[in-house]
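Chemist: These are the residues of each chain, in order.
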Amino acid sequence: MSATVLAHDADRSASCGGGVADVLASSRPRWGRRLRNRLALGAVVLAVAATAVPLASVIWESVRRGMARIDAELFSSSMWAVVGPGGGLLHALVGTLLITAATALIAIPLGLGAAIFLTEYGAEGRLASLTRRAVDIMVSIPSIVAGLAAYALFSLLLGPGTRSGLAGAVALAMIMIPVVVRSSEEVLRLVPQDLREAGLALGAARHKVIRRVVLPTALPGLTSGAVLGVARIVGETAPLLLVAGFTDAMNYNLADGRMTTLPVFIYTQWSAKGLDTAAYDERAWAGALVLMAVVVALQLAARHLPAQIAKLRRNR
Amino acid sequence: MAALALAALAGCAQNETPSGSGADQLKGTVSGAGASSQSAAQEAWKAGFAAVSPDVKVNYDPVGSGSGREQFQAGGLDFVGTDAAFKPEDLTSLGSCAAGSGIVEIPVYISPIVVAFNLEGVDSLNLTAATIADIFTGKITQWNDAAIQADNPGVTLPDLKISPVHRSDPSGTSGNFTDYLAANAPEAWTFGETEEWPIEGGEGAEKTQGMVSALTAGNGSIGYVDAGQAKALSWASIKVGDEWVTPSAEGAAKAVAESTLETGRGEADLVYELNRATTAPGAYPLILVSYLAACEKYESADQAKLVAAYLKYVTSKEGQEAAAANAGSAPITSEEGLSAKVSAAVDRIG
Amino acid sequence: MAPVLAAPKPALPPTGDTPGGGGAGERAFSWGVRSAAIAVAAILVGVLAFLTIRGGPSMFAGAGDLPARATSFFQLAGPLAFGSLWVAAIALAFATLPAVGVALAATVYAPSPRFGRFLGAVLDLLAAVPSVVFGLWGLMVLAPLMTPVYGWLHDHLAFLPFFSGEPSVTGRTALTAGMVVGVMILPIMAAICRESFALTPPALMEAATALGATRWEMVRTAVLPTARSGIVAGGMLALGRALGETMAVAMVLSATPFLISFNVISPENPATIAAFIASAFPESAGRQVDALIGLGLVLFAISLLASIAGRRVARKAVAR
Chain A
1 MSATVLAHDA DRSASCGGGV ADVLASSRPR WGRRLRNRLA LGAVVLAVAA
51 TAVPLASVIW ESVRRGMARI DAELFSSSMW AVVGPGGGLL HALVGTLLIT
101 AATALIAIPL GLGAAIFLTE YGAEGRLASL TRRAVDIMVS IPSIVAGLAA
151 YALFSLLLGP GTRSGLAGAV ALAMIMIPVV VRSSEEVLRL VPQDLREAGL
201 ALGAARHKVI RRVVLPTALP GLTSGAVLGV ARIVGETAPL LLVAGFTDAM
251 NYNLADGRMT TLPVFIYTQW SAKGLDTAAY DERAWAGALV LMAVVVALQL
301 AARHLPAQIA KLRRNR
Chain B
1001 MAALALAALA GCAQNETPSG SGADQLKGTV SGAGASSQSA AQEAWKAGFA
1051 AVSPDVKVNY DPVGSGSGRE QFQAGGLDFV GTDAAFKPED LTSLGSCAAG
1101 SGIVEIPVYI SPIVVAFNLE GVDSLNLTAA TIADIFTGKI TQWNDAAIQA
1151 DNPGVTLPDL KISPVHRSDP SGTSGNFTDY LAANAPEAWT FGETEEWPIE
1201 GGEGAEKTQG MVSALTAGNG SIGYVDAGQA KALSWASIKV GDEWVTPSAE
1251 GAAKAVAEST LETGRGEADL VYELNRATTA PGAYPLILVS YLAACEKYES
1301 ADQAKLVAAY LKYVTSKEGQ EAAAANAGSA PITSEEGLSA KVSAAVDRIG
Chain C
2001 MAPVLAAPKP ALPPTGDTPG GGGAGERAFS WGVRSAAIAV AAILVGVLAF
2051 LTIRGGPSMF AGAGDLPARA TSFFQLAGPL AFGSLWVAAI ALAFATLPAV
2101 GVALAATVYA PSPRFGRFLG AVLDLLAAVP SVVFGLWGLM VLAPLMTPVY
2151 GWLHDHLAFL PFFSGEPSVT GRTALTAGMV VGVMILPIMA AICRESFALT
2201 PPALMEAATA LGATRWEMVR TAVLPTARSG IVAGGMLALG RALGETMAVA
2251 MVLSATPFLI SFNVISPENP ATIAAFIASA FPESAGRQVD ALIGLGLVLF
2301 AISLLASIAG RRVARKAVAR
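Chains as they are written, first to last, in the working numbering: chain A, 1 to 316; chain B, 1001 to 1350; chain C, 2001 to 2320.
Keep in mind the hints are simulated off the structure, nothing from the lab.
In this text, a Cβ means the ideal position worked out from N, Cα and C, and glycines have one as well.
Please note that the accuracy of each hint is not assured.
As the list claims (entries may be wrong) - Covered stretches of chain A, as calculated for chain C (at least 3 residues, CB under 8 Å):
(1) 39-53
(2) 110-123
(3) 144-152
Claimed, not checked - Between beta-carbon pairs, the in silico distance windows are:
(4) B:L1157 with C:V2149: 34 to 44 Å
(5) A:L300 with C:A2309: 32 to 42 Å
(6) B:G1095 with C:P2057: 47 to 57 Å
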């Protein structure tokens, strides 16, 4: 915010000109400096346009091509026994929910635990530097490679034909863990050292200080980090195509059988169509709208949850 | 979000509520996987079968023929859809079947492959196999080439570059297309039959839909697509004997009827040696034949019943017509002889 | 148990003789977080092990065991690696200036805090669009739109190697794929630039302004130099994402394996590793899958090198 205020000041001083500043400024002619300033502003405006136009186009195309299918049936049906028009994505929604929840269940405890270890226990130790390096490397695992790794693991354990929601969750967890570790570590480091010392001075055990003081203080930030980690994986397609497979029916069992998520639903609606291609295209774009809504909801949650949690705590 | 979560947690999708009134008392799950070319047909079959046996749930994962066959061999699939039949040497170990079981392999999905093009002002063309091969190998580069003009008197061909589009992912469609070229224009097409596009150059497109998008977008483009997905494009007629034949379901079925079964296979292993060079009038030999493979014997007799019931539906008149309506395929039941052989093979399951 | 608890230099000061300091609760908790840290490292080792065990031998595989009728692993991997880097480079070329510009617009140039927040929301939304949707959009919307542009580029700039040769009539070129990926990585880069711009010491900006600098001069002399490492780091993170982008590239790019070409408007373009894996996987079996896993290992190595290089550059920039 201070930057904005400053920007106004800068503008004013530039346009008012005159005085010592001008004399001091430079030997360049004034119009040249003003022109440069204008050009820079133009470039910034162009950059905003370059960002906003593709986004507007994607949203417009999704609405134009998919809005017709945002109806009750979409949210109450699967694609089982549906030929041509109709049908829905409930199975994909449930699949997304389950696989994402399983991923979070793997990634958040591991990631948060590792982050606590890094900040509270072993900042300088050998295990800490090993873990930190591992996280640095894991960040650069491309998602399709995570899918291949999960495929290699599960085909070794259960044969090459294995497809399950759990395998998908394992692949996605490889992508999510480093995100959680990094964001949690950052947030935990922001907890004032005084708080810890005060707790310890009162004679509390270290784990109690961490659990009763450090974690609650950091909770808003930890939550938003976890939610952003979820948002990062919920749109993944490629690894799930490799290991979670595709089904058009409901499946509530992560450990058994194929499970479809929203991105995979969109892809299969596009890639494998029947004669009535319009029905498939509409479902694909409607799926895109739903998926974008889910991710936006997650991001809003990440932004507003911390404030909400803090407020709740204050009122208590 | 909350409402959605509630709907999801509330349980079943409205279209999946079990009726409990299946006339045939069959109950269970049949899982299959394989060729993506069959996915629209499988959709129709699953839906049609659900109306007959509502308590049997059939899954079909269009993972691709290669993955499907591998999974079937490794075990864990009840049936597999495949664009290329199992090689006889692969049939010794079928992990999905009971020990010592033979294989039931039947053609269930026959689809004409269309040589489709997008050329402003031209709705139909006659192309020989040699001309098509020359276009895709880059020997013919302009639409007004003399070789094309010679077969299309009266058509005004523009002086425009030809943009041939091929499938960049390995596919049964490419396999059948190259097989057709190799059989009918061996001098012009020297690469044989291959599911992976053998030449560098030309535009590559992912999946059938990538091909359709590319052809729809590009004036002057030409490619090969399963007929069901090529509705919006212009179709070329190919030369069979001395006639020009447009793609049709009837022509496709006829071409299969003109072919012979591969020898040296089991009685229920109906794999066709497609006669791509047929000169039978009306036959359209540029076709994709996709198979469904299952076991003669399963570990569980109940499972065998379920698979047999599903395959019976798939090969029935209703099943084949349902596929034709959703996928634009050619019903195998339109050829008496073929239909009888297939039914006999299905009867061996159990 | 003492050695387990004796973590070297913890963030907390030594607890001394506090009651319960070494109790069962403490032991369980520290054991828990320690094993989480070990598990994270072990997962990485596991990933590398599985990829190497299955994919490693394929590097010596011959014809028949490789996808795309390749005769040796490196004949396949080399051009694919080039394709991945090439498309990622195009994406970076498209994304860098807009990302820096948007980040400036959201911080220094924002006419009001609300505008800054609005731009932040736009970037978040853009980051929320999944890659399949970008694939659909690139294929159905952007590619046809770009076709005439490619014709024009070829007509007027054919002397440049990028625009020589016949242009694509479908628009599914390396340039289109690069643009799509560029849009996808733009929010990642912009977010990091924005963070580092916001960290510019206000005193520096005030000083520049006090000397009568225009807004642009203030940005050039105060904001950009201090944020340089942030911009580089953002670029490298974005590069990693671009290298790994799979579905959008697979759907948009007209790819030819084995091809190395700098032409960006041709119907024939180099394929990328990630997209190749995704499109070849379904029809592969046995040893061919191993080769794809080997390719995944190569992709992993490339994006790892990119991120190491990025971290090094960022550190150097900070030191300066």
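Chemist: Against each hint, give a clear statement of whether it holds in the structure.
Modeler: A quick look at each hint next to the structure:
For the region 39-53 of chain A, the stated coverage by chain C is satisfied: 12 residues place a CB nearer than 8 Å to a CB of that chain, which reaches the threshold of 3. Coverage of the region 110-123 of chain A by chain C holds. Counting CB-CB distances below 8 Å, 13 residues qualify, and the rule asks for three or more. Remark: the region 144-152 of chain A is confirmed as covered by chain C, as 7 of its residues place a Cβ nearer than 8 Å to a Cβ of that chain, reaching the required three. Range check, B:L1157 to C:V2149: Cβ separation about 27 Å, and the 34 to 44 Å hint is violated.
A hinted range of 32 to 42 Å for the beta carbons of A:L300 and C:A2309 is consistent with their spacing of about 35 Å. Here the CB-CB span from B:G1095 to C:P2057 is close to 23 Å, at odds with the stated 47 to 57 Å.
Violated hints, listed in ascending order, are 4 and 6; each of the other numbered hints is respected by the structure.
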